[in-house]
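Q: Use the sequences and the hints to build the structure in full.
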Amino acid sequence: MSLAFLPDLSGLIPELIFYGLAAMTVLAAIGAAVAPKIVHAAFGLMAAFFGVAGLYAMLGADFVAFSQIIVYVGGILVLLVFGVLLTARTEASLGLERPLRRAFALTTGAVLFFVLAIAIDSTTFPAATEASEPLPTTSAIGHAFLDPEKMLIPFEVASVLLLAALIGAAYLARRRRSS
Amino acid sequence: MLLAAVGLNHYLLVGAALFCAGLVAVMSRRNAVAILIGIELMLNAANINLVAFDHFRAQIDGQPVIDGQLFVLFVLVIAAAEAAVALALILNVFDTRDRIDVDELDTLKG
Amino acid sequence: MQIWLDELRGSVGWIGDLPAGFVYTIGIVVVCKIILVYASLLAGETVWLERRISGRMQARIGPNRVGPQGLLQFLADGVKLLSKEDIIPKTADKPIFLLAPIIVFVGAFAAFAVIPFGHGLAAADMNVGLFVVLSLTSIEVVGIIMAGWASNSKWAVLGAMREVAQMISYELPLGISALGVVILAGTMNLGDIADQQQGGFWNWYVFRGPFAFASFFIFFTAALAALKRAPFDLPEAESELVAGFHTEYTGFRFAVFFLAEYSAMILFAMLTAVLFLGGWSPGFPIDFDSGWGRWAGVLVLFLKTIFLLSVMIWIRWSLPRFRIDRVMYLCYKVLLPLSIFCVVGLAVQVLIAIAGIGTDSAFGAWLGGM
Amino acid sequence: MSDATLQTLCFVVLAAPLLGFALQYTLGRRLAKGGDLLTIGAIGASLVCSLLIAYEALQGGAEFTKTFGPWTWLQVSETSTWTIGITLDGLTAVMLVVVTLVSFLVHVFSTAYMKGDPKYGLFFAWLQLFSFSMLVLVLANNLLHLFMGWELVGLCSYKLIGFWSEKPAPCNAARKAFITTRIGDLGMMLAICILGGAVGSFEFEAIFAAAARGDIAEPWLLLAGLGLFMAAAGKSAQLPLHVWLPDAMEGPTPVSALIHAATMVAAGVYLIGRMAPMLTPDVMVVIATVGAMTALVAGLIAMAQNDIKRVLAYSTVSQLGYMFLGLGVGAWHAGLFHLTTHAFFKALMFLGSGSVIHGCHHEQDMRKMGGLRKKMPITAWTFLIGVLAIAGVPWITSGFYSKDGILSGAYGVNPLLFWIGLGGAVLTAFYMMRLYVMTFEGEPRDAQVHDHAHESPKAMTVPLIVLAALTLIIGPLAWHTLMLAPPTGVEPAALWATLQSLEAEHHHAGTVMWMAIAAGIGGLLLGWLVFHTRREKLAALKAPLAPLENAFANKFWFDELYDAVLIRPAYALGRAFKVLDERVVDGLVNLVGRGGVTTGDVSGAHDRGVVDGLVRAIGHACQRLGGVFSALQSGRVRLYLSISVGALALALLLEHLL
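Residue numbers (our numbering), protein chains in the order written: chain F, 1 to 179; chain W, 1001 to 1110; chain A, 2001 to 2370; chain X, 3001 to 3658.
Note that these hints are calculated values from the structure, not bench results. Quick reminder that beta carbons are idealized off the backbone N, C-alpha and C, glycines included. Incorrect hints may appear among the rest.
As the list claims (entries may be wrong) - Label pairs and their in silico Cβ distance ranges:
#, chain 1, residue 1, chain 2, residue 2, range
1, X, Val3637, F, Ile167, 21 to 27 Å
2, F, Ile167, A, Val2334, 39 to 45 Å
3, X, Val3597, F, Ile167, 58 to 64 Å
4, A, Val2334, F, Lys150, 32 to 38 Å
5, A, Val2334, X, Ala3169, 56 to 62 Å
6, A, Val2334, X, Lys3033, 32 to 38 Å
Unchecked claim - Facing chain F, from chain A, some residues (calculated, C-beta under 7 Å):
#, residue
7, Asn2127
8, Val2128
9, Phe2131
10, Val2132
11, Ser2135
12, Ser2138
13, Ile2139
14, Val2141
15, Val2142
16, Val2311
A: Take a look at the structure:
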C-alpha cells in the first residue's frame, strides 16, 4: 500500500512554526500593551517572551533562547508580577488610560510600524544562496565570554553591574520597611 | 506556495511589531509597571533583530556568528538589573505616595 | 530521535514509503505521547508509592484494594477527580485561573523532552539539555503565581508568594551545584553526561572527589526545596495555608497540579540520577549499544529514579517542616556559599587533573571528568 | 660580596620601610598592637642590611665606591633622560647605619612613649615613611633623585612635628618648619636648575667632573654652591633659618630624637658633604662663617632656656654649626664624623629627655625638676654620658674625637673661627651641665613632679643604654677603623688656599687638643660649680648679667625680628593694597558706574517710551505662545517621547508618501 499521495508538508513545518510563533508573539505583545488589567498585561508579556524564545530557537540560538526563558520568564517576569501584586491596591493598577492619549499612541504606533514595514520590505539584505543547518553556538559563546581578547571585560563589567543593581535594589526596597 | 519562505525580513517585521507595541505601552500607560512592560517589549524587539541578523549572516559566512547573541545576553543582564532597580523604585514610590501613576510623579520631593 | 525514525523507515517497508517530513511529524507526536504516558504513569505510581510508604512508616497499610497491592489506585483517584464538580470562584480572574494549571503542567512535562531515558533515548538530544531543564522548570513559578493571584484568595496568594520566593531562591544552589557536573563533564548534553559515567560505579560523578560528593547533596537538597517537598513544604503547609496556591482548584484542574507536582519529582529524581549517579550505569561496565543493553539501561535508570523517589518520600515523612526564615537562611547562607565553594573546588580539581596529572592517565581522567 | 648582592641589599634597605609604611598606613589599625612590631621588623631588616653594607664598605676601605643604575625615570625628550640611581661609598654606608640604627631605636622607644595615643599606628607609619625618605636621600646618585628624598623628608617632618594636630601649637610649628625649610629649598631648586642646565645631567659624577674641568662658569658655580648651602642651612637650621627647629619641639619627643637630632637636620650636612667637590672657596668661607656664628649664637641662646627640649634643640643647632664649620674649613672628615657621633649622643639625649618627660608626666620645664637621678637612674646615667660626649671629655667619648677634629681644622685655617669654635665648646659644656644638674641633681624643686616621677619602661631604657654604649665606643672605634673616603674628583684641600693637609687633620696637634680638652672640662666644671655646688650664689651672679640673659632667653629676638621685618611688612603691604583697592580702584569703578547711571537715565527715558512698547508687544506674544508650549514642558518624559515619536512617525510617513 503506497501512501505517497500524501503531500510532503515537511518543508512547510518551519514556516508553520514561525508563523505560529510570530503571531503569538505579536498578539501577546499587543495584548500586553493594551490590556486593561496590569496583571493581564504581565501575562501577555510572558507569552511574548515565550514567542521570542521560540524565535531564537528557530534562529539556531538555543542558548540565548533558554537564557531568555530563565531570565525573562523566571526572573524579570516574576519581579514584574510581584511589583503588580504589591502595588495592586489602587485604581492605577486598573490602567484607566486617558482615551485621547491612547488613541494618539495607537495611531503613532501603527504609523511607525507601517513605515518600518515599508522600510524593511524595500531593503534587500544579502541572502545565503542555500539555507544551511544552524550551527551550535553554546561553546562559542562560552569561549567568547572568557576570552580576554573578546568579551571577558564586558562580561566582568556586567557582573559588577548586576551586583550594583542587586545592592541598589535591596537598599531601595529596604528603606520601604523602615518607614 | 501558500506561505513565503521565512527570511530575515519576517523576523525584522516581528521585531518592528514588538517594538511598536512596546512603544504604545510606554506612551499610553499611566501605571509604572506597565511602562516597564513596554520597555521590556522594546528590548526584546531589539534582541530579535540582533539574533536574526546573526543567524542570517552565519548562513552567508557558513560559520557560526555569535556577536549578536553575545549582545543579546548583555541586554538580558541589563534588563534584569533595570527591572530590579525599577521595581524597587516603584515599590518605594508606592510606599510614600500610595500610587504609581507616573503622571502624578512630577515633583522632586518625596 | 531523527536517527530512530530513519532506522524505522529503513526497517519497516510501508513507513519507508511515506514522505520523510510526514514520518517525522507523526514521529514527534508519537514520541511525545509515549513520554507523556510514561511520565504520567510513573507519577501516578509515585502517588501510590508515597501513600504506601507513609502508611508503612505510620504503621498503617495504605491503599491496597484497587488492583494488585493497590497499584491501580491512581486510576480510581483520577476517575473520582474527573467526575467532581469543576468550580471556578466568582471573584477569580477567569482566563488566568484557567491558564495557570496548563502553564504549570507544561513547565513540568516539557523538560522530559531532553531527559534521556536510556542510552541515546532522549526525545530531543540537545547540547544545552541541562540548561533546558533548569529554564523550563522556572516556568512553573509563573504558573504558580498565576494560580495564586487568579484565585483571589489570601491562602492562595500567600502560598504562591512563599512558593515563588522559595523556588527562585533555591534555583541558585540548584543551578550552581549542577554547574559542577558541567565542569566535570565539559558538556550540558545530558546524554553525554550520563555516558561519561559508564564503566565502574567509581566513575559516577558523585564519587569523583569531595566537591562532587558535596555537590550531589546540595543539588538533592535544593531539588527538594524547589519541589516544595517536606521539610520545605511551606507553600502548601496545610496547617497554615489550607493548601497553598491550589486551594481554590477542584476536580481535574487540581489533578493537573497534582500530576505536575509528582512528575516534577520524577523529573528531578531522574536528573539527579543522570547527573550524579551514573544515569543508566549499573555500576559495572555494560554494552549499551546493543539492543538488550539499551533496555537494561532504561531499567537501571528507572530503578535509580524509584530509589531517589523513595528517599524523597522517606524524608518527607521523617522530618518536620522548617520555618520560612530558616528556609531562606539555609538557601542563602548555607547552600549557596557551599555550592559556590564546590564549583570553585571542582574547577581547581579539573585544572589540576588537566595541567598537573594529565588526562591521559586513568587517575587524571577520573579526577578531571571526561 | 658581589655587586648584585649589594644592589639587592640596597633595594631591601629602601623597600622595607616603604613597604612598612604602605602596610602600616593601610592596615595598621587592624594589626596586633597597632602594627608596631611590623614597623620595627621593617626598619630592623633595613638596619641589618645597612650593617652588611657598612661592613662591606669597611672591607673596601677608602677606595670603596659603587654605583648602581642609572635607571631611566623620565624620558623628558628624545635626548634628555632623567635617571635615578644608587651610589654607595663610605659616606653613604655610614649614613645608612646612622639613619637605620637611630630610627630603629626610636621605633622601639616610641612603643612605650606613644603608648595609648589614639593615632599610635599612624605615628609608626609616618616614622617608616620618614626613614624611607631619608634613605632615598642618602642613597641617591643624582641631585634630582636626592631632591625627591629631600622633599619627602620635609613632608614627613611636617606630618610628624604636627602629629598632635588637634592642638594649635604643633600645627603652627609644623607650618613654620615647612615654610622655613621651603625657603632653603628655593636655593636647592635654583642650584639644580643651574647645574642641570650647565652640565646636562644631574648625576654627582658628571657635576663634579664638569666643575673640575671648569665647564661651569664661575658665577654660576658660586651661585649653585650658595643655593645648595641655602638649602642645607634651611634643613639643618643654620642662621638665619634656624628658627623652625626649636619650635619643632612641639612634636613628640621620639620625633625630635629622630629628625631633629639624627637624620633630617643631618640631611643638610650630608648634602654639603656630598657636594663638597664642587663648592668653590668662596662658598666654603660662607659655610664656615655661618657655621661658626650659628654654633656661638645657638650656644648662647641655649644657656637661658628652661624647657628641657628647647635646650637640646638649640644645642643641636649649635652642633650643626660645628659640622658646617668643619666642612667649611675643609675638615671634611671631622665634620661628617661629628655628624655621626652627634647623631648618637643627641639622639641619646633627646630620648633621655623623652624618658624624663614621660617619667614626669609630660612636664618639660626644668625649673620644676631636679633630683631625678635617684628616681630614674638609668635615664640619668645615660644622659650624663651624652652630656660628657657633647662636652668632648677626652678619649672616652666620641664627641671629643669629632669636635677636636673640627677645631684643629679651624685652627689651621683661621684663628678667629677657631676661637669662636672654642668659645662655643665652653658654652656647650656649660649649658649641658646646667641642663643635667637642673634636671637630675640637687634638691627637687617641685615636690609634686618629683613624687610622681618614675623610671621609664624597658622599651625606653634599652634604647638609651644602647645609644650610650654607642656614644662611648663609636669615637675610638670609628676614628681608627672606619675612615671615610674623600669624595671623588676634587680634593677639598685644593679649595682653600690655606687648608691643612688631611694628615694634619687627623693629627691631634698638641695645642689644639689640650685647648679643646680644657674648654670642655672647664665648661663642665663651671657649670657644676655654678648650678650645683655654689647654687646659693647664683642669684647674685645673675643680677649683673640680666640684660644678657634676657637677650639669650628671647633667642636674640629672631622671631620678633622676622615678625617685624618680614611678617608685619607683608601684612602692611597687604593692607596697603587693600586701601589702594578700596580707594583708587573702587573710586575708578564707581566713577565709571556713575557715568553709566547718568547715561542710563537718559537712555531709560528713551527705553520706556519707544523700546518698551515694542518689547511689551513681543513679550505678550511670547507669553501667549509660552502658555501654549508650557503645557508641553510638563517634565513628563513620556509626553516628550510621545511627541518626538509621533513627529518621527509623521516625518517618515510624509517622506514615504511624497
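Q: Given a cut of 7 Å on the nearest C-beta pair, is the interface hint for A/Ile2139 held or broken against chain F?
A: At 6 Å from the nearest chain F Cβ, A/Ile2139 passes the 7 Å test, so the hint holds.
Q: Given A/Val2128 as an interface hint, is the shortest Cβ-Cβ distance to chain F below 7 Å?
A: 5 Å, holds
Q: So the hint says 21 to 27 Å: do the beta-carbon atoms of X/Val3637 and F/Ile167 match that?
A: 26 Å, holds
Q: So, as I understand it, the hint says A/Val2142 touches chain F; can you test that by seeing if any CB pair is closer than 7 Å?
A: Where the cut-off is 7 Å and the nearest Cβ of chain F is about 6 Å from A/Val2142, the hint holds.
Q: Is the shortest C-beta separation between A/Val2311 and chain F less than 7 Å?
A: 27 Å, violated
Q: Return the status of the interface hint for A/Asn2127: holds when the least beta-carbon distance to chain F is below 7 Å, violated otherwise.
A: 6 Å, holds
Q: Using 7 Å as the Cβ threshold, decide whether A/Phe2131 counts as touching chain F.
A: A/Phe2131 check passes; min Cβ-Cβ to chain F is 5 Å, inside 7 Å.
Q: Please check whether A/Val2334 and X/Lys3033 have a Cβ separation lying inside 32 to 38 Å.
A: 36 Å, holds
Q: Is the hint on A/Ser2135 kept, meaning its closest Cβ partner in chain F is under 7 Å away?
A: 4 Å, holds
Q: Under the criterion of a CB-CB separation shorter than 7 Å, is A/Val2141 in contact with chain F as hinted?
A: Since the shortest Cβ distance to chain F is 6 Å, the answer is holds.
Q: At a threshold of 7 Å, is the proposed contact between A/Val2132 and chain F supported by beta-carbon distances?
A: 5 Å, holds
Q: Falls inside 56 to 62 Å, the C-beta gap from A/Val2334 to X/Ala3169?
A: 58 Å, holds
In summary, the numbered hints that this structure violates are 2 and 16.
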